[in-house]
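Q: Generate coordinates for the entire structure from the input sequences, incorporating the hints supplied.
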Amino acid sequence: MGFKKTSDLIAVSFGVSESAANTFTQDEIALQLDVLNNEIFVVLAVDLNPAAPDLVAAQTTESRAVVTSTSATAMQTLASTNTIAEADLIIVSDAASSVSFTRAAEESYSGNLDYISLIATNNFFVAVQGTNNLAAKSVNGRVWGYRAKADATTYAALVQSEVLSA
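Per the working numbering, the sequence shown starts with residue 28, numbered consecutively.
Hints listed in this document are in silico derivations from the structure and should not be mistaken for laboratory results.
Quick reminder that beta carbons are idealized off the backbone N, C-alpha and C, glycines included.
A few of these clues could be false.
With beta-carbon atoms standing in for the labels, derived distance ranges [said to hold, decoys possible]:
1) D121 <-> A101: 22 to 32 Å
2) Y173 <-> S125: 39 to 49 Å
3) N159 <-> L63: 22 to 32 Å
4) D61 <-> D121: 47 to 57 Å
5) Q59 <-> A184: 20 to 30 Å
6) S98 <-> R169: 17 to 27 Å
7) A183 <-> S127: 41 to 51 Å
8) N76 <-> S34: 23 to 33 Å
A: Here it is, written out as structure tokens:
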């Protein structure tokens with residue numbers, strides 16, 4: 028690896044609420060990295076807990092949340108290079124019955140992964156958006172990781188990759 032751990036485990040907590048029902052809303056979470064010394068944040072795990080969607084008869088309602096390493100103008104998926112984690116709660120309803128579904132990227136650190144993402148810029152972004160809900164939705168969560176110092180080549184490659192894929 029082209030980086031060396033410089034801190035113990037850090038948990039960064041956050042909460043974001045939609046500005047209005049069914050509206051993409053994003054918040055920037057500052058990591059306060061020392062960019063002059065090539066400091067990066069090594070993400071080990073993410074926990075996303077979006078609010079439950081509203082139960083509306085004959086409507087599919089949804090509450091989605093995402094953590095990304097760069098700013099976005101619309102909801103992202105894991106298909107985007109800069110998406111770190113996503114969570115999705117859905118209620119499918121017709122006039123007579125309803126069924127709920129939950130979809131979330133891995134919420135806890137497991138397996139033999141060294142890390143799930145590297146953040147080279149000074150922040151990350153959390154977004155939430157509902158679909159067909161009567162009230163605004165929110166997401167609470169936590170990102171676990173540690174600070175590390177990257178060598179110059181690794182740092183340059185990480186920043187370029189993050190910025191160019193935004």
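Q: If a hint holds in the structure, say so; if it does not, say that too.
A: Structure-based check of all given hints:
| no. | hint | result |
| --- | --- | --- |
| 1 | D121 <-> A101: 22 to 32 Å | holds (28 Å) |
| 2 | Y173 <-> S125: 39 to 49 Å | holds (42 Å) |
| 3 | N159 <-> L63: 22 to 32 Å | violated (47 Å) |
| 4 | D61 <-> D121: 47 to 57 Å | holds (54 Å) |
| 5 | Q59 <-> A184: 20 to 30 Å | holds (22 Å) |
| 6 | S98 <-> R169: 17 to 27 Å | holds (20 Å) |
| 7 | A183 <-> S127: 41 to 51 Å | holds (45 Å) |
| 8 | N76 <-> S34: 23 to 33 Å | holds (25 Å) |
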